[in-house]
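A.B. asks: Could you slot chain X onto chain G? The hints should help.
Protein chains in written order, with my numbering: chain G, 1 to 247; chain X, 1 to 309.
Derived from the structure by calculation, the hints contain no laboratory data. Keep in mind it's a predicted model, so treat the numbers as computed, not measured. There's no promise every hint is true.
Distance ranges between label pairs, derived from CB positions [what the hints assert, rightly or not]:
| # | chain 1 | residue 1 | chain 2 | residue 2 | range |
| --- | --- | --- | --- | --- | --- |
| 1 | X | D239 | G | P66 | 53 to 63 Å |
| 2 | G | A29 | X | E122 | 24 to 34 Å |
| 3 | G | Q5 | X | E122 | 58 to 68 Å |
| 4 | X | E122 | G | I17 | 39 to 49 Å |
| 5 | G | I19 | X | S197 | 26 to 36 Å |
| 6 | X | S197 | G | D205 | 52 to 62 Å |
| 7 | G | F43 | X | N70 | 55 to 65 Å |
| 8 | G | D205 | X | T36 | 50 to 60 Å |
| 9 | G | T86 | X | N98 | 38 to 48 Å |
| 10 | X | A117 | G | D224 | 32 to 42 Å |
| 11 | X | T36 | G | N85 | 50 to 60 Å |
| 12 | G | D205 | X | K34 | 36 to 46 Å |
Cβ-to-Cβ under 8 Å is the rule here; a few derived chain G residues that face chain X [what the hints assert, rightly or not]:
| # | residue |
| --- | --- |
| 13 | I35 |
| 14 | D37 |
| 15 | Q41 |
| 16 | L187 |
| 17 | T199 |
| 18 | M203 |
To give an idea of the interface, some chain X residues facing chain G are shown, with a C-beta separation under 7 Å as derived from the structure [what the hints assert, rightly or not]:
| # | residue |
| --- | --- |
| 19 | A174 |
| 20 | E175 |
| 21 | I200 |
| 22 | M202 |
| 23 | Q215 |
The beta-carbon is built from N, C-alpha and C at its ideal position, and this holds for glycine as well.
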Amino acid sequence: MKRQQLLTNGIKITFAILIVIFFVWSLTAGNFQIIFDQPEQFFHLFIQHIQMVVVSSLLALLVAIPVGIFVTRPRFRKLEWLFLNTANLGQTIPSIAILAIVMTYLGIGFNSAVFALFAFSVLPILRNTVAGLNAVDPALIDAAKGMGFTPLQILRKVELPNAAYPIMAGIRTAIVMNIGTAALAYLVGGGGLGDLIFTGIVMQDHTYLLSGAVPVTILAILVDLLLRLFEKVVVSKGLRRAASTSN
Amino acid sequence: MKTKTYLAIALTLLLLLLAACGNDSTSSDNLDSKGTLVVGGKNFTEQFILAKITSIYLKENGYEIEEKTNMGSEVLRQALSNEQVDLYWEYTGTGLINYLDQEPASSAEEAYQTVKAIDKEENQIEWLDMSNVNNTYTLMIREDHAEQLGIQSISDLANYVNENPGTLTFASNAEFATRSDGLSGVEDVYDFQFGSSNVIRMDSGLTYQALDEGQVDIAMGFSTDSRIKGFDLLALEDDKEFFPAYNAAVTVREAIVDEHPELVELLAPLAESLDTETMTTLNYTVDIEQMNESEVAREWLLEQGLIEE
Chain G
1 MKRQQLLTNG IKITFAILIV IFFVWSLTAG NFQIIFDQPE QFFHLFIQHI QMVVVSSLLA
61 LLVAIPVGIF VTRPRFRKLE WLFLNTANLG QTIPSIAILA IVMTYLGIGF NSAVFALFAF
121 SVLPILRNTV AGLNAVDPAL IDAAKGMGFT PLQILRKVEL PNAAYPIMAG IRTAIVMNIG
181 TAALAYLVGG GGLGDLIFTG IVMQDHTYLL SGAVPVTILA ILVDLLLRLF EKVVVSKGLR
241 RAASTSN
Chain X
1 MKTKTYLAIA LTLLLLLLAA CGNDSTSSDN LDSKGTLVVG GKNFTEQFIL AKITSIYLKE
61 NGYEIEEKTN MGSEVLRQAL SNEQVDLYWE YTGTGLINYL DQEPASSAEE AYQTVKAIDK
121 EENQIEWLDM SNVNNTYTLM IREDHAEQLG IQSISDLANY VNENPGTLTF ASNAEFATRS
181 DGLSGVEDVY DFQFGSSNVI RMDSGLTYQA LDEGQVDIAM GFSTDSRIKG FDLLALEDDK
241 EFFPAYNAAV TVREAIVDEH PELVELLAPL AESLDTETMT TLNYTVDIEQ MNESEVAREW
301 LLEQGLIEE
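Isolated chain G, as found in the complex (with noise of 0.2 Å):
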């Protein structure tokens, strides 16, 4: 056990190491010169990156979450395949595709970006919500129902703060690839850092490529990192490690 964790912590400094050498020698490369050259383009382009993430993540909460508690309810559990389904189909179609299709009803830019980044964030989220309330140990439901919890009650107290971990690692998963997919919303004119990315590829320019793609990967470690955090918040002690033991 102890040699497995030193194990892991020598290949977790060592991945550091890596990337803080990687980072500087980028920096003395001049590989992110464009976000020095173009601040005002950069930052444009960065904001317009966040607020295409934090608007369809918003969307895919706000859908996903009550649709898993709906379609785990006794009474409409029947219906859960419909739902799981059609989020599936957000997944599977090609998130390229989504953006062209989409484009046609919603126009280019931003709207056709969050609604592709939406549909993909969905299933996540809401895969991990209906797999972690229906994981709850049904004698915990039991016990509740016995001491006169009302359904929501039981819903709130009981099952949600059970489900809580899965659930906090559907979002985290959603998100996190939400950030490295919005990059994809150059291809409809919806902006982002993934301009910079796409003129790098086109142009066989890694300065470009560099400066778009790296603050992408770093934006994702850090809401990663910020997720996590959360998620201590969020998840009673006593679940995360025995969701930690079990895996």
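C.D. replies: Here is chain X on its own, set in the frame of chain G:
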């Protein structure tokens, strides 16, 4: 026993089918062949058509042809240098700017003479006769909108933008928005500015659609794209001749020309008969009318009297 018979029949049919598919490459397998040539092509409609025209024409003239199309620009050029491809249609501007790192030239003749001289000396690649197919950048506007605003040329556009700053939006791909011989160059030469928040970047192919659907006012495109015709768009006249010339010409390795010197004369009529308008029409028949590019190529060759029925 019965299943075996069925299986045998099925297999025979399959083999026949396969043989039929392979017909293309074996049919010209006659004794007095003048040798095998590999014709290359890039990955867009115009190039499929040009490659087909060349292949059919050369096949009718007794060569065995292998086609290698659908390649990226850089990859195809590499393939030519590596002797995996013998000849393909390249654009003077692409050669000048992308492969030879030269300054862009807006005069077609100058661009052609420069690539021809440098490529022969440095890379042993020959540029055969230049055609009048000029697939250069163009700025487009919807025809009705052009009439409404009174814009026919880029100078008109510049005047309009200067008088009404910030009102027109522009769709561009990443490359055009960034290159000095793209948007910033046009703006310098014609002395106007769309303003960076009015320039919307998107995938190359979408600019036509965005313009057609009225989501932008002006868009960049390529002058031989059939959608200009298909969507009733107007390509603004480049009255100060800013955009570099991208004339199509066959590029071929010197070794192949040495081996088959007759190719120079043989291919000359193709270059002579093709121009931007013809090319746009051919692209239109394939892209919009959904005709097969082999048929389009064969029909055009017949029409021009370059091959016989």
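A.B. asks: If a hint holds in the structure, say so; if it doesn't, say that too.
C.D. replies: Each hint, compared with the structure:
no.	hint	verdict
1	X:D239 to G:P66: 53 to 63 Å	59 Å, holds
2	G:A29 to X:E122: 24 to 34 Å	29 Å, holds
3	G:Q5 to X:E122: 58 to 68 Å	60 Å, holds
4	X:E122 to G:I17: 39 to 49 Å	44 Å, holds
5	G:I19 to X:S197: 26 to 36 Å	34 Å, holds
6	X:S197 to G:D205: 52 to 62 Å	23 Å, violated
7	G:F43 to X:N70: 55 to 65 Å	40 Å, violated
8	G:D205 to X:T36: 50 to 60 Å	39 Å, violated
9	G:T86 to X:N98: 38 to 48 Å	46 Å, holds
10	X:A117 to G:D224: 32 to 42 Å	56 Å, violated
11	X:T36 to G:N85: 50 to 60 Å	53 Å, holds
12	G:D205 to X:K34: 36 to 46 Å	44 Å, holds
13	I35	15 Å, violated
14	D37	12 Å, violated
15	Q41	7 Å, holds
16	L187	4 Å, holds
17	T199	4 Å, holds
18	M203	6 Å, holds
19	A174	4 Å, holds
20	E175	5 Å, holds
21	I200	4 Å, holds
22	M202	4 Å, holds
23	Q215	5 Å, holds
The earlier numbered hints that this structure contradicts are 6, 7, 8, 10, 13 and 14.
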